[in-house]
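*Asks:* Spelled out from the first residue to the last, the chains are:
4 protein chains.
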Amino acid sequence: MADKPWDGRFSEPTDKAVERFTSSIDIDKRLYQHDINGSIAHCRMLGKCGILTSDEADAIVEGLEKVGEEIEQGKLEFTDRLEDIHMHVEDRLSVHVGDLARKLHTGRSRNDQIALDTRLYLREETVKIINALLELRRVIVSFAEKHSDVILPGYTHMQRAQPVLLAHHFMAYYEMFARDTQRFREALERIDVMPLGAAALAGTTYPIDQAYAAELLGFSKISDNSMDAVSDRDFIMEFLSAASICMIHFSRISEELVIWSSSEFRFIEIADAFATGSSIMPQKKNPDIPELVRGKSGRVIGDLVSLFTLMKSLPLAYNRDMQEDKPPLMDAVETVKSCIDIYCRMLPHIRVNRNVMADAAQRGYLNATDLADYLVGRGMPFREAHGCAGRAVTYALGKNSELHELTLDELKSFSSLIENDIYLTLSSKALIDRRRSYGGTAYENVSSQIEKAKRQIAQEMER
Amino acid sequence: MADKPWDGRFSEPTDKAVERFTSSIDIDKRLYQHDINGSIAHCRMLGKCGILTSDEADAIVEGLEKVGEEIEQGKLEFTDRLEDIHMHVEDRLSVHVGDLARKLHTGRSRNDQIALDTRLYLREETVKIINALLELRRVIVSFAEKHSDVILPGYTHMQRAQPVLLAHHFMAYYEMFARDTQRFREALERIDVMPLGAAALAGTTYPIDQAYAAELLGFSKISDNSMDAVSDRDFIMEFLSAASICMIHFSRISEELVIWSSSEFRFIEIADAFATGSSIMPQKKNPDIPELVRGKSGRVIGDLVSLFTLMKSLPLAYNRDMQEDKPPLMDAVETVKSCIDIYCRMLPHIRVNRNVMADAAQRGYLNATDLADYLVGRGMPFREAHGCAGRAVTYALGKNSELHELTLDELKSFSSLIENDIYLTLSSKALIDRRRSYGGTAYENVSSQIEKAKRQIAQEMER
Amino acid sequence: MADKPWDGRFSEPTDKAVERFTSSIDIDKRLYQHDINGSIAHCRMLGKCGILTSDEADAIVEGLEKVGEEIEQGKLEFTDRLEDIHMHVEDRLSVHVGDLARKLHTGRSRNDQIALDTRLYLREETVKIINALLELRRVIVSFAEKHSDVILPGYTHMQRAQPVLLAHHFMAYYEMFARDTQRFREALERIDVMPLGAAALAGTTYPIDQAYAAELLGFSKISDNSMDAVSDRDFIMEFLSAASICMIHFSRISEELVIWSSSEFRFIEIADAFATGSSIMPQKKNPDIPELVRGKSGRVIGDLVSLFTLMKSLPLAYNRDMQEDKPPLMDAVETVKSCIDIYCRMLPHIRVNRNVMADAAQRGYLNATDLADYLVGRGMPFREAHGCAGRAVTYALGKNSELHELTLDELKSFSSLIENDIYLTLSSKALIDRRRSYGGTAYENVSSQIEKAKRQIAQEMER
Amino acid sequence: MADKPWDGRFSEPTDKAVERFTSSIDIDKRLYQHDINGSIAHCRMLGKCGILTSDEADAIVEGLEKVGEEIEQGKLEFTDRLEDIHMHVEDRLSVHVGDLARKLHTGRSRNDQIALDTRLYLREETVKIINALLELRRVIVSFAEKHSDVILPGYTHMQRAQPVLLAHHFMAYYEMFARDTQRFREALERIDVMPLGAAALAGTTYPIDQAYAAELLGFSKISDNSMDAVSDRDFIMEFLSAASICMIHFSRISEELVIWSSSEFRFIEIADAFATGSSIMPQKKNPDIPELVRGKSGRVIGDLVSLFTLMKSLPLAYNRDMQEDKPPLMDAVETVKSCIDIYCRMLPHIRVNRNVMADAAQRGYLNATDLADYLVGRGMPFREAHGCAGRAVTYALGKNSELHELTLDELKSFSSLIENDIYLTLSSKALIDRRRSYGGTAYENVSSQIEKAKRQIAQEMER
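Protein chains in written order, with our numbering: chain A, 1 to 463; chain B, 1 to 463; chain C, 1 to 463; chain D, 1 to 463.
Same shape as in the complex, but just chain A (with noise of 0.2 angstroms):
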């Protein structure tokens, strides 16, 4: 079948840059599992009303197999020719079932199919995603208990501001991937919709199924209007919007980390394994891998702004511009799963120095917010405690000491109020377990946090 579908009209063969230029194969190629398992289903329909004889469907179905294995083998070559994946397949067909395959096309139009083969791959990828998520949260759940008794400074403005437990500060990022792995979930209820059958634009003449395919596709439900269906890219606007925020998450801890790895912080370690080393200063131990998922959050967010420029003020209904949707969409697929993998390899080989965490979280007057505190509870107005807790500060900073260093002599010159208990008031240990509204640091809470996490995970696995 060497003539293009639609060679009635034309005068003219195509040009040959045109052909190159408007060819979606090198990137639709990917789909073709997806293409050859939607074509099944339409062909087995048709066949189930009638409008394929039987064996006329089973010859079809048997010859798209057989090019699926083909494909699936590398034995097909593709080429700007036959300009994307549907007339690969197509193609290939007439091979094997003759002038059948063309029957294949009834009732619908590569507007329909192109939305049908895409849904079917974010379909797979974003259940991939929901999973890969779902182990990371195990990943990250498992590191907070194993590290359940780490105290560090917790910070605001990288300023260190009150210590907190190390499981805390990563069941934060708990809560994130547990929000991406809903928005995900709730992205896929919107990508999982049947376009099967609104063909150009308008719905088909053909008496055919549409329930029978979906249920064949494992669709939930069927597209509502038939312009919408071809037009519609909404669920992948979705898709990369959850992915940009989940590679938001992944820059923001990547940033920690990599701070942490510095000399100055020294808070961890990451295992040779999961570092490289300088071409030319043999001392570096570099995190690249945080760093470079963090340089990866631009792309994600990058191909969110080529989707939303591509479908700005593109009328109704199907525009070739749109398959311009493919590359940005699969870009993203990749990289937030090779994000999701790598994190999950790397954190277990993650070593912490737990002492170095401690030490930093006792120093830098951490507890000068439960001076105050304790001034309150002694009955002082919040507002003036603050101050003369700072006035404390600024008094032991002069020293280069802590508040814990202090004398009670030099303690009580800023407050009669304050007695000998204040020592036991300003450990880490005391500040943290302290802390026990609902969401606080104190190891009890947090420790029950892990729990529900746990249940939550199981829970979520078993959907």
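No lab work stands behind these hints: they were computed from the structure.
Remember, predicted model here, so these are calculated numbers, not experimental data.
Please note: incorrect hints may appear among the correct ones.
[What the hints assert, rightly or not] Counterexamples of contact, computed for chain D against chain B with all Cβ distances above 12 angstroms:
1) Thr14
2) Leu188
3) Leu292
4) Asp303
[Unchecked claim] DSS-like, lysine-lysine: derived pairs with alpha carbons at most 30 angstroms apart:
5) Lys412/C - Lys412/B
6) Lys399/C - Lys146/B
7) Lys399/C - Lys412/C
8) Lys429/D - Lys285/A
9) Lys48/A - Lys452/B
10) Lys48/B - Lys452/A
11) Lys146/B - Lys128/B
12) Lys29/D - Lys326/D
13) Lys48/B - Lys16/B
14) Lys16/C - Lys326/C
15) Lys452/A - Lys75/B
16) Lys429/B - Lys454/B
17) Lys399/C - Lys29/A
18) Lys16/B - Lys146/D
Backbone N, C-alpha and C fix where the C-beta goes; we use that ideal spot for every residue, glycine too.
Once you've looked at the hints, dock chains B, C and D against the given chain A.
*Replies:* Frame of chain A; chains B, C and D shown alone:
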């Protein structure tokens, strides 16, 4: 209260230019009611827990209500010196209740307070947007119903493809805005989470009762992790993603209305009251509203990109960068609301030129597919029928006729399978009525989609 | 050379998944020729400075040339184990020259090497793009000249406004692409800076001669600051900005060609060889090329956003994130080049329906402004004349006539200042020929702009 | 003048909601002075050409000046009814000069008028930004000079790499801001083009003298094509691109200042007057300014994306969408100016902890490269020397020593080529002073770069 809340530790006063640069009052003053409501709930909760006496709590609540009225009445002057809305409210409160004002901040920080205010604000606005979208969908359905028998060409590649019902075309937008509603609803679940109790980042040592505060403020959920509570801006990114997708839909419908208003299309006319003229060209009537709405899509997408860039690589927990989250958020909220509102007003004032549309649907060989299908129905393989119809089009083009204007002999010259019943087959109405696949443009299908939409709207309005 | 370049300090081998994740060879292998050219120049310079003996230098250069040929001929297998193009080249070089290969890296680092390769690549591509834009401008001028007497309506708000020459309309795009050329030229100045000698970040201790290397590689400037040299990616952001603006221009002209190809406009027809058909609708001829080009604008803008997000908040000097600069850069380079090329090919194959355009320019009251101006010329204040012409339009609309179809009596009813010469005033040609302000659409003006453009192109080609 | 400028053709009054939605006065009122200046020049030109009498011209100019003063003094009330700044000015003018006001608009349209106003505004602001950047560069150079002997670790991958001079590090930012200046200068050339005379889109029929108007307004160039003149927004996109790149630089330096302010780095302290505290944690001193500046980078990049999305696919010539160009433009202008200003103020108030920096540069094996180079200098091939130094680092790590703390015997165990002079080689100062390649960090190099920068600034200030 002339001093900064942190004066104790500082030896130099803040530079005036720094006050100006770091002040957010210009923006966050819009949150004053949410800030006061949040403080009232916090205060009542402190009273319930015995952290404040009930007299203290009552006095503060009364004072806060007074401050609210004063701001409402424009009696409060805003100044960069007091930095943000929180300090303005507390400062003014101290005029009413004296030093007691200083106790309000017990057990919280500006970090959880601003997260609370923003969530209260966005929850309210998201609900408004959901309701506005419901109204827009109602207006679209009503427009579709009013024009239930209007036929126009459906386009692909801006080329006339197949005739469709105008109602069908508009119902495609109904689908888009219905998905938008759904996305905003799902975003709302993640907006509706109370951060209060996280304090600066690690939780608070006071025996607070977050469930009670959540109940007073109507929150369904309390944040599970205090560090996440103060550093999470997912709910903004997600809202802006939903808003951006919604604006893409507006850009598409606007593009169509602009093109349809051209002299070449003349499909519609926008009422004088909803159009504007030219200062120099007396004949002009411009579709300014769709043009402006189309342009505003850029604004919201820009707002989303702002947030992504802002959040990229921020370590935990709170960082001052986050202050910059509100200008893009508020800009997007206002833009989306105004676009929905103006469309609800304008759509009923669009006059449809049904004859122009119907004529257009008759010219341009929109029945060529059906000629092919007719031949398939008589046993010709699809691809062959497609080529045959293509040749008929080329022939008709040469004569400057339409297919249905050719004689039976002329038609037969392309295939002897063609009989006299072909003319019935080729009318716009017949073309439409034959497209009965689910979601197709057939009269009955479209009218049952309209009924379904009305039921959906009614159900959603009851929520 | 099976080992990593940093093996000394590491006790564990790199994890395979890490090798895969961190490898950039899939992307940077495209830079092989630039990498080899850079290494040859570096090596010759080392030889000149006595850091290598001249025999050593000759042997390495010869070896590098062999490696270049081997890659050219597809004889080198790429592997994630060797991470990037630099290691592949050096590894292969050691096959030809043994341990001597290890001396090539003296006085440089992969940090300045990759900056060098990227600049060599982008310099070459930017020059190609500048030349391609020159060709495109030539094609536009030639199109304008060929259609120098074709009149069409000029539009504002997609409403017919005033008649203009098609040549004038296209020369507006000439202006845009001329500005693009200029922007790429200016970007080129900042691309054309040699980073070699910066080594890892601080410069090198070897007595190298950067001026000599720059001369060999044709650079006009050497980087003034070694830390900037390895961490600067401005030249990429700037290139992508210029590319994005250029693609906006393509999206605009493409939008017009798509609209003009519609049945409603019928202003142009794109030759069969440059259009494609539909797999289902035999009558369709789709303007795929402008559609695809319009869609590709999203791609390049997405690439720019990727880079901005990537670079945001990166501390000095080199960070591994930067490896992610190349996929968006290369994507944009290829996209821009292919769009320019296909437009150069397609434009001459656009058939202009001059009569359709001319008719359109006669209908829709495009002469209303000139009726107003006529009245101003007879002493009426402008705003009053505008109102008067507006009323005449309303009257003519009611009669379904044009202004020039009204009788003199009818016209006089709007102002007694109107005389018989009004009819000469109101023809399209007269309207056009009267717009003689500089840059206006009058015949003579447009033709002198065409001449000016031809001189400009000739001059720029000589550079 | 209560009527709309286009009332003649319209039979219905504009809906109030439409007036509100389409009004731009809230934004473009900021352009009042540019609008009036543009009108004065236009009016003088009309007078010179005899289109207005000289008495008329004088009266209008005087009237316009009065309107300018009235707005300056806040005497004019702005109203959505009068839509934009042009109508407000003309309406007010008619109070002063009566019907004569209606003649001012002769030979122009709001399309070229708003292009003119925007260009006048942006030209002025771009010049301000260029001058502000010059000042910032001066401040950076002065900071570098003041700290000319301060040594700190240079980082790659946030790992200590090699010691560099703090002056060298800051001069890297000098280079970035110098490139920014250059980009704004080049953008300025394309901003500085007068669109007046293009009228609505096709030029004007009046015998105007654009060269005279350009001279009065100080424009270097007049637009060559009237359609381009009214539809071009390249100059805004280009300005925003330059602004975005500039903000990326600010995000990078801000990131460093934030990290350097942490307790772990303690490299710098920002003066109290340029920092803020915490409402809850008394010990905190937060680097708010760099944080906010870093966050504001998102804003400007978002503004750029807004413009790209806005302009994508807009046909020629003017479209109402373009009204949305001003909010992002003005937001970016104000943001960039405020960031430059606050950095100029803050930088001199940064206290450098030189000892902390120097100590850091001594620890972490920053001299490992030089140990390798030392071995190369004694004849060992580079890659082998790199491995040898790597093993020495591993050994020293095990002993918790630095390389320069090992005994000669220990060192010799890695290579017998090592002699006693190694200790001189390994000091920070020696490391720095040996990096004399052009652009390297050696003392002399940096100080000559500082001198070069001072000459550059002086020259640029004279322009």
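*Asks:* Output the numbers, in ascending order, of every earlier hint that fails for this structure.
*Replies:* Structure breaks hints 1, 3, 4, 5, 13, 15, 17.
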